[in-house]
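Trainee: Make a model of the complete structure from these sequences and hints.
These are the residues of each chain, in order.
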Amino acid sequence: MPMSEFAELLASRSRPIVTAEFPSMDGGDLETVREALEHYRPYVDAVNITDNPAAHAHASNVSMAIAVKQLGVEPIMQVVCRDKNRLAAQADVVGASMHGVTTFCALTGDDVTAGDEPEARRVFDLDSPQLISIMNGISRGHYLSGRSLKHQRDLLIGAVENPFAPPADVRIRRARMKVDGGARYLQLQIGYEPQLLESFMAGVVENGVAQRAAIMPTVILTKTAGALRFMEAKVPGIHVPAPVIERISSAAEPAEESYLLVREQVEHALSLPGVAGVHITDFRHDDSLRRLVSDLAIGPAFASQRAATA
Amino acid sequence: MLRKLLPVLEHVVKGPVWDCQMCGQCVLHSTGMTCPMTCPKTLRNGPCGGVRTDGHCEVKPEMRCVWVKAHHRAETMPLLPKSWREEITHMRPPVNNELKGDSSWLNLANGRDRQTPEGWLADADV
Numbered sequence: 002m003p004m005s006e007f008a009e010l011l012a013s014r015s016r017p018i019v020t021a022e023f024p025s026m027d028g029g030d031l032e033t034v035r036e037a038l039e040h041y042r043p044y045v046d047a048v049n050i051t052d053n054p055a056a057h058a059h060a061s062n063v064s065m066a067i068a069v070k071q072l073g074v075e076p077i078m079q080v081v082c083r084d085k086n087r088l089a090a091q092a093d094v095v096g097a098s099m100h101g102v103t104t105f106c107a108l109t110g111d112d113v114t115a116g117d118e119p120e121a122r123r124v125f126d127l128d129s130p131q132l133i134s135i136m137n138g139i140s141r142g143h144y145l146s147g148r149s150l151k152h153q154r155d156l157l158i159g160a161v162e163n164p165f166a167p168p169a170d171v172r173i174r175r176a177r178m179k180v181d182g183g184a185r186y187l188q189l190q191i192g193y194e195p196q197l198l199e200s201f202m203a204g205v206v207e208n209g210v211a212q213r214a215a216i217m218p219t220v221i222l223t224k225t226a227g228a229l230r231f232m233e234a235k236v237p238g239i240h241v242p243a244p245v246i247e248r249i250s251s252a253a254e255p256a257e258e259s260y261l262l263v264r265e266q267v268e269h270a271l272s273l274p275g276v277a278g279v280h281i282t283d284f285r286h287d288d289s290l291r292r293l294v295s296d297l298a299i300g301p302a303f304a305s306q307r308a309a310t311a
Numbered sequence: 215m216l217r218k219l220l221p222v223l224e225h226v227v228k229g230p231v232w233d234c235q236m237c238g239q240c241v242l243h244s245t246g247m248t249c250p251m252t253c254p255k256t257l258r259n260g261p262c263g264g265v266r267t268d269g270h271c272e273v274k275p276e277m278r279c280v281w282v283k284a285h286h287r288a289e290t291m292p293l294l295p296k297s298w299r300e301e302i303t304h305m306r307p308p309v310n311n312e313l314k315g316d317s318s319w320l321n322l323a324n325g326r327d328r329q330t331p332e333g334w335l336a337d338a339d340v
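For the protein sequence lines, the chains are X and Y, in the order given.
Okay, so the first sequence: first residue is 2 according to my numbering, each after it adds one.
Okay, so the second sequence: first residue is 215 according to my numbering, each after it adds one.
Derived by calculation from the structure, the hints in this document are not laboratory data.
Keep in mind that a hint or two might mislead.
Said to hold, decoys possible - Partial list, derived from the structure: chain Y residues whose beta carbon lies under 8 Å from chain X:
#: 1; residue: T252
#: 2; residue: P254
#: 3; residue: K255
#: 4; residue: P261
#: 5; residue: G264
#: 6; residue: V282
#: 7; residue: P307
#: 8; residue: A323
#: 9; residue: N324
#: 10; residue: W334
In this text, all values refer to a predicted model and were calculated from it rather than measured experimentally.
Every residue gets a Cβ at the ideal spot worked out from N, C-alpha and C, and that includes glycine.
Mentor: So this is what it looks like as structure tokens:
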């Protein structure tokens, strides 16, 4: 089975990769997905299909990944360990692959207490390094039990790491554990401490992880200081230092300052050795995503300009 | 008789010291003598991305992250053999839920705690 275009891009790293977070949905139909997808389609190489993000139930990762694939965009199907045991997780991966979904991302998942149904039972039958390894087994043609799949299909497996959560040195080793288990790309958690990203990148270049997996830091497009305050207070694993919030709240035009902050973050990230691309979460839903990839000449729509000026 | 007595004895010894959850496949030696089953997400292979900046748990803010503790102890705890300190970075396989409630001492002796499903890929195999 030939590699997907996205897998080829990850392997060749012929230009900075751009992925984006696809919004979760609560009903609708294929047309609803298509409309949302047009916002991203020209500017990104793939979109993340989340799996009950922040422990809130939404239309399933499998259904959304299949829809996006059918609509011609590469889905990165996230699978979290929180909601399903090893049987269900494997069934989802194999089932989605039958519809052409071949890129997967294994995550631990926010705890149920972060969501709107904190009474739910948390599963965590697997952890993310184990899930990566099991997906790797599926890619080789067998389930965890050893039972063979009737049809083997190459999967592109990735994971997430958080360089901004302690302990810093453990994050570098954990990235290595995930890559040793079969991850070929790592998307990083959103963070506002550039020095932590720098030391993480230095570490994963030194231990060879960045050479074996495409590392993609994440940025989030927001408009207000309130959005940053919300993340600081409510979103597990995200820390927004007070001076960053102050920069936005004291700006004459907070929305413009928020954009400039993100552009600086992406420029900084792409300047670091070992960074293969960037993952963008767009909470603005305006023209900022297009503006960002255009300003920096990255992603499928504008990369040729970068090549031309380089 | 031994099968019934040993879990009771093990829980009496390990419960008060390590808050043992009787998973029946003890990995304490490889996790800085810190039980990963006391992590609210029961993670066996390192801290999740939710660890707070003060090193405390995403789920229980009053508690220090089990894995922050484990890594710290693996590095600093006296008398821990070097091989045990290094094992913390090894991938531990998924929990065998059939062993829950058993004595891990017995499962260590008879090797059941090291049996993994046929399709489990060892690190070296990747």
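Trainee: Check the structure against each numbered hint from earlier and tell me which ones fail, lowest number first.
Mentor: Hint check: 1, 8 and 9 fail, others pass.
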